[in-house]
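Number of protein chains: 2
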Amino acid sequence: MKKIILIGSGNVAYHLGHAFCNVGHQIVQVISKSETNAKVLAKKLNAGFETDINKIKQADFAIVGVNDDAISTVSNQIKNMPFAHTSGSVCLKNGGVFYPIQTLSKDIPLDLKKVPFCVSAKNKDFENTLFRLARSISNHVYQIDEKQRKILHLAAVFACNFSNNMYAIAQDLLKKSDLDFEILKPLIAETANKIRQHSPKSMQTGPAKRRDMQTIENHIDLLEDEGLKRLYRLITNDIQK
Amino acid sequence: MKKIILIGSGNVAYHLGHAFCNVGHQIVQVISKSETNAKVLAKKLNAGFETDINKIKQADFAIVGVNDDAISTVSNQIKNMPFAHTSGSVCLKNGGVFYPIQTLSKDIPLDLKKVPFCVSAKNKDFENTLFRLARSISNHVYQIDEKQRKILHLAAVFACNFSNNMYAIAQDLLKKSDLDFEILKPLIAETANKIRQHSPKSMQTGPAKRRDMQTIENHIDLLEDEGLKRLYRLITNDIQK
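First to last, the protein sequences are chains A and B. Just so you know, the first sequence maps onto residues 77 to 317 in this note's numbering. Just so you know, the second sequence maps onto residues 77 to 317 in this note's numbering.
It is worth saying that the hints were derived from the structure and are not from the lab. You may find that some hints are simply not true.
Remember, identical chains collapse to one label, so a pair may be satisfied in a single copy or spanning two.
Said to hold, decoys possible - Heads up, simulated DSSO-like pairs for lysine-lysine below, C-alpha to C-alpha not over 30 Å straight-line:
hint	residue 1	residue 2
1	Lys305	Lys317
2	Lys317	Lys182
3	Lys200	Lys252
4	Lys79	Lys277
5	Lys133	Lys277
6	Lys120	Lys277
7	Lys261	Lys198
8	Lys109	Lys285
9	Lys252	Lys115
10	Lys131	Lys251
11	Lys115	Lys223
12	Lys305	Lys109
13	Lys79	Lys109
14	Lys190	Lys200
15	Lys190	Lys261
16	Lys169	Lys305
17	Lys133	Lys109
18	Lys119	Lys200
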């Protein structure tokens with residue numbers, strides 16, 4: 077059992093906090109700029125809450141689950157214990173990395189046991205502590221170096237954030253023509269399902285792959301937004317490479 | 077029970093042919109430029125095969141499941157019966173449309189009962205025939221007009237073909253850094269799973285959404301390909317709109 081300070085009260089802090097508690101770790105304190113969020117999360121985790129990081133309590137270590145751009149400022153203020161941030165892309169200056177490779181939303185329950193985690197730290201003892209912490213909540217833990225982690229995060233942005241944006245663009249297009257997004261849901265599910273067993277390249281279908289040039293031009297004409305026209309062309313070119 | 081000529085021997089013809097046979101329709105003939113593919117599919121469907129469309133037999137109607145760019149040439153040669161093509165984007169000049177909104181691959185089994193179909197035809201009797209044909213193999217059949225169908229197909233390209241391309245880019249990035257694509261599979265599954273119950277916009281996560289500008293710039297630096305750099309910027313801009 078570890079005593080943990082949780083910094084941040086967003087999606088990542090929310091899921092990690094619950095997973096830590098569920099396997100018997102103690103969240104000593106939730107620290108967040110947002111008093112409301114800190115209070116709500118702390119109550120659920122049976123922890124104290126604080127908005128001022130200078131009032132940080134003592135614990136075994138801190139997990140810093142805040143926006144990438146805030147990690148450096150926040151972690152520079154932690155003097156009394158080791159800490160790890162949860163970002164896939166921020167440099168490992170001191171402290172460690174505790175990065176869940178998953179898209180986390182507060183209102184969507186998720187079994188962290190199946191979520192891959194990347195851990196690393198310059199101090200090997202602390203890296204081992206982070207490894208055991210990750211193994212206590214997940215069955216899939218990787219110790220990978222900083223360069224690989226950054227590529228992994230970049231790849232995750234394409235696979236998750238950018239594919240979700242493709243869904244959002246599709247939904248927008250349907251909405252403008254009074255069509256229900258439900259009609260595309262089996263297609264989205266199957267597209268993701270196929271790559272469980274097959275490589276995405278071998279599963280590529282559609283006008284770009286078939287080089288149906290007239291259809292491609294018709295689609296670009298149908299798009300009203302100049303940014304979307306450019307996007308359509310770029311992705312089509314990438315598929316045809 | 078209908079007597080059907082199947083034109084084409086690719087992914088769509090393959091799945092439709094099997095579904096028609098399974099519910100008791102008769103495939104009279106499979107016609108395809110590729111003799112090997114026509115032969116293989118015809119054998120499975122207990123049908124004759126032919127490579128020359130001028131040797132088309134008589135049946136109730138023909139289903140034209142060929143590349144978009146070939147539909148017009150092929151269907152101009154069908155004089156002896158009504159026909160419908162399976163494309164989401166090709167204009168309805170004569171004949172009808174029998175469009176499955178799903179990504180189909182020969183080597184991946186799929187329950188067509190759950191696949192939405194769009195049917196339409198200028199001749200209302202034939203449209204009703206196509207509606208009943210679709211209902212014989214699917215629980216979700218829509219009669220929508222040509223303009224809506226074209227938008228639906230465009231949206232399907234974003235939701236399916238383009239999101240699959242995002243997976244392919246991710247896999248390429250990992251491969252170059254000796255990382256296993258398996259590590260991203262739970263993330264891809266969850267990203268698609270989330271939008272079953274929630275709107276994609278509300279589920280958007282990642283550096284673009286959080287406006288982690290340093291991370292965004294780092295990612296663009298990491299990408300070596302100029303096309304991918306442009307793609308990353310365009311999608312990031314679209315998310316931030």
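Status of the hints after comparison with the structure:
In this assembly of identical chains, Lys305 and Lys317 lie within 30 Å of each other by CA distance both inside one copy and across copies; the values are 19 Å within and 15 Å between. In the homo-oligomer, the alpha carbons of Lys317 and Lys182 lie at most 30 Å apart only across protomers (23 Å), although the nearest pairing inside one protomer, at 39 Å, exceeds that limit. For a Cα distance limit of 30 Å, the shortest separation of Lys200 from Lys252 across copies, 27 Å, qualifies, whereas the shortest one inside one copy, 55 Å, does not. Taking the closest pair of Cα atoms, Lys79 and Lys277 never come within 30 Å of each other, the shortest separation being 45 Å inside a single copy and 36 Å across copies.
With identical chains, the CA atoms of Lys133 and Lys277 are never at most 30 Å apart, being 50 Å at best within one copy and 38 Å at best between copies. Taking identical chains as interchangeable, the C-alpha atoms of Lys120 and Lys277 lie at most 30 Å apart only when they sit on different chains, with a minimum of 27 Å there against 44 Å within one chain. Taking the closest pair of Cα atoms, Lys261 and Lys198 come within 30 Å of each other only across two copies (28 Å); inside a single copy the shortest separation is 44 Å, beyond that limit. Taking the closest pair of Cα atoms, Lys109 and Lys285 come within 30 Å of each other only across two copies (19 Å); inside a single copy the shortest separation is 48 Å, beyond that limit.
In this assembly of identical chains, the alpha carbons of Lys252 and Lys115 never lie at most 30 Å apart, being 40 Å within a copy and 44 Å across copies at closest. When the C-alpha separation of Lys131 and Lys251 is checked against a cutoff of 30 Å, the pair qualifies neither within a copy, at 49 Å, nor between copies, at 45 Å. For a Cα distance limit of 30 Å, the shortest separation of Lys115 from Lys223 qualifies neither inside one copy, at 37 Å, nor across copies, at 51 Å. Proximity of Lys305 to Lys109 under the C-alpha cut-off of 30 Å is found in neither arrangement, the shortest distances being 40 Å within a copy and 34 Å between copies.
Proximity of Lys79 to Lys109 under the C-alpha cut-off of 30 Å is restricted to the intra-copy arrangement: shortest distance 21 Å within a copy versus 69 Å between copies. Proximity of Lys190 and Lys200 under a CA criterion of 30 Å is satisfied intra-copy only: 25 Å inside one chain copy versus 52 Å between copies. Proximity of Lys190 to Lys261 under the C-alpha cut-off of 30 Å is found in both arrangements, the shortest distances being 24 Å within a copy and 10 Å between copies. For a Cα distance limit of 30 Å, the shortest separation of Lys169 from Lys305 across copies, 27 Å, qualifies, whereas the shortest one inside one copy, 41 Å, does not.
Proximity of Lys133 and Lys109 under a CA criterion of 30 Å is satisfied intra-copy only: 16 Å inside one chain copy versus 74 Å between copies. Taking CA atoms no more than 30 Å apart as the test, Lys119 paired with Lys200 passes in neither setting, with 34 Å inside one copy and 63 Å between copies.
The structure is inconsistent with the numbered hints 4, 5, 9, 10, 11, 12 and 18, although it conforms to all the rest.
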